[in-house]
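Generate coordinates for the entire structure from the input sequences, incorporating the hints supplied.
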Amino acid sequence: MSNTKNRQSNIPQKDDQFLNKTFSEKISEIKATLGDSSDLTVREFRNDEQIKIAIMYFDTLADTQFIEETIVKECVDHLQGNEATVNDQNIRELFISHVKIFSIKEAIEKLLSGNSVIFVENIEAGFIAETEGGERRAVSEPANTEVVRGPHEAFNESLNTNIGLLRKRINNDKFRVEIITIGKETNTSVAIVYIDEIAKKELVTEIKQRLGDIEIDAVLESYYLQEFLEDDHGYTPFPTIFDSELPDQIAGGLLEGRIAILTEGTPIALLAPVTMNLFLSSNEDYYQRYDIATFLRILRIITFLISIALPAFYIILQTYHQEMIPTALLITFAGQREGVPFSVAVEVLLMELVFEILREAGLRLPKSIGSAVSIVGGLVLGQAAVEAGFVGAGTVIVVALTAISSFCTPSYSLAIAARLIRFVLIFLGAILGGFGFMLGLIFLFVHLNTLRSLGVPYLAPFSPFHKQDISDTLIRTQLKNKKFRPEEVVGKNKQKDSNK
Amino acid sequence: MNSIKISTAQALMILITSITATGHLLFIPVILNHSGRDSWISVLLSFFALIYIIYIITSLSLRYQDQTIVEYSEVILGKPLGKIFSVFFIFYFFHDATLAIRGFGEFYTTAITPDTPILVYFTLMIALAVYTVRQGLEVLVRTNQISLVILIIIGIMASMMTLPEKDYRNLLPILEFGMQPVLLGAISLTSLFSTFVIAGMIFPYIYDRKSLKRYSLLTSVILIILFLGPITAPVAVYGGERGVGFLFPSFQLLRDLSIGDLQRLDLLGIMLWSIGSFAKIALHLFATSLGVAKLFNLSDYKPLIIPIGALLIIVSLQISENFIEIYRFFKDIYPYYANLIGVLLPTILFMFSTIQLKTVKARSQDV
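Protein chains in written order, with our numbering: chain A, 1 to 500; chain B, 1001 to 1367.
Keep in mind the hints are simulated off the structure, nothing from the lab.
Accuracy of the hints is not assured; some may be wrong.
[Unchecked claim] Quick look at which bits of chain B chain A covers, simulated, 3 or more residues with Cβ under 8 angstroms: (1) 1103 to 1116; (2) 1139 to 1151; (3) 1265 to 1277.
[As the list claims (entries may be wrong)] So the derived label-pair ranges between C-beta atoms look like this: (4) Leu1344(B) <-> Lys208(A): 55 to 63 angstroms; (5) Asp217(A) <-> Lys1079(B): 56 to 64 angstroms; (6) Leu1183(B) <-> Lys483(A): 53 to 61 angstroms; (7) Glu338(A) <-> Ile1004(B): 52 to 60 angstroms; (8) Phe1088(B) <-> Arg359(A): 56 to 64 angstroms; (9) Arg1328(B) <-> Ala334(A): 36 to 44 angstroms; (10) Ile1333(B) <-> Glu323(A): 32 to 40 angstroms; (11) Lys1210(B) <-> Lys208(A): 33 to 41 angstroms.
Just so it is clear, CB atoms sit at the ideal spot from N, CA and C, and this is done for glycine as well.
Below, the structure written as structure tokens:
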């Protein structure tokens, strides 16, 4: 329906064996290949002069109303005419169709993507009418990202709609879309979207090559692709490919020279190459005053650190370095923990486990019961656990603060990475104290430095250091000062405004 | 292997971390022991030695741009003698690494966890260093790039926090015992700065050499500033008598520090020296592995990292009976040993290389 796509044109191969068959043989062969599926509709029309026309489509995939109102109606009208002939010329007007098909393979591909295939007696080739339709969700508010200020549109499951949402934001003749199919069994359409002359050519070819190398049966969600696209094939808890359901965020990435990958059937678009900084910044940073945005960014980084390290830090303070706690507080802590039978490490692990259970339960439950879980979890478990002497009150505070902090990370995929690392640090801190804690943090830093997203260092522009790009990391300077695209990503064409 | 590319700033930053971390932990007490309240003069004097060392190493690196010090000693002195020089350098890197590990382990077991076997610290530290070096020099220098900034910020904050307790009148009188102890301290500090010779192993990987000399000289100034503060602080805070008697004076300062109700920031010390020692050990592990690989003309140094790392653990255990022995070694033997390898050998290389280049030039002019 939308002709905006640059569908990779595979030159049609003629299948003479199929083309030489009679009208009814062709239809029955297609039917047989598709196993006589109940939703495959075949409508045949004929008139006295024995002109036969067959329209085939899946009524579950095609826009049946459209077929009924235009193709069928035209067809019937035409056949009722006095001197009804059907030949190569007038069939185009008849079915609004320009595409011919020459093989059964092609016919089935088109049928499966929701198009209609039309056969006319005495004409060898078949015709395609673009009737893609079927059930589709309307563009709605983002389900998992709250937007205060900014567009409230989110991607949905339709690839065409998603590309349209991006194109609407970037009115540019350099906007490029390339669609390929991935998945031996599912044949899922995947779109590579970028802006020519801003995106690095090598990166585009690299992405295409990586997508081309994928050998997989099914692509049901974009993560199927993400794992193949990542530089180290997922041997890290950190996401090296950004994902978002917000078109404006993806459009912003495209304008910085990044490349988006949209998958049919997934409301989540992928973006690469990215740096860690992108996971910690929200697109709303650009929709509000720069001083507030800067404050929020720093706050987010602090909360990210808290969500990684606070429980482990609490354990080492309580077990190995009590001297650092102010004396008055230490006495209170000791008083609270009087009668608690477990060590601090066990306490923290218990509470963290309880929290993870609550979170997972809250995620799976219907919304109406969800609030009940929070009451049970927050009030009953938290307060009662302290009163029953299972845990000290300090532990509850620490775990609660960690939990709240982990929700401040704008990117869900980075937030869940923090969840795993937290447990590793808790173990290291509990066993080795301050040394283990530091060892864990150094290892984390080294590990982050080994990561690359399509060859771009994950911690850029901090390491390696790029002076120009710092203005959009910890701080967000005024938009008029943001003159450069990220150096690591773009390379050439760094300056945003060529006049300056 | 030559695909590793680092920037001048990154290379110099890892050298700064490597020198200051163990320097603050292990050398400051030695220097204080030598020159007491006049230590700051020793630091200023060693500035000249530092500039000399840096000048020699950077000039050599600029002359033989894509070669490590192990390779160009062979070019300059011929195969047999060059190999002997290389063995000296590699041994020095290796030995320095063991000293850093032992120093860190002793610091931890003495000051913080007396009951934990020292082997725990050795093994984990080396494991981390092995992991990092296997990921390549680039990962190491980039990690250090961020952590050095954090370390310096902590250092500056710590020195500002101790400001109210500092009384710089404690530094008076100047030169009470004459120049000799001051010179001894300066030589001792020079032996620490000799570690700069390890730059010969990482400078070949720099991609922008244009301002190498300028930045290297800036590095020397930064290093001196980084040592001036901590070396005066113990005397200024505790006085000339008590200040020189600590085993770990910098750590003692952090311990006695208090920010409002927050006291005894041991954890800051752990942070500083864990990160610093890690950087130093990883750098020296890299240099040793690469040096051995170059010495025997191996194409890849990565298979050597784990065996050399394991050897580091064993040698660090065997190197001395206790911390006091290491302390004495630093005080009495190390200055001569390190200055021999870190200053004298590069000077010989530099001289021969200059003569060679001049004769080549003269010959080409004759023809």
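Can you name, in rising order, the numbers of the hints this structure does not satisfy?
-> Checked against the structure, no hint fails, so every one of them is satisfied.
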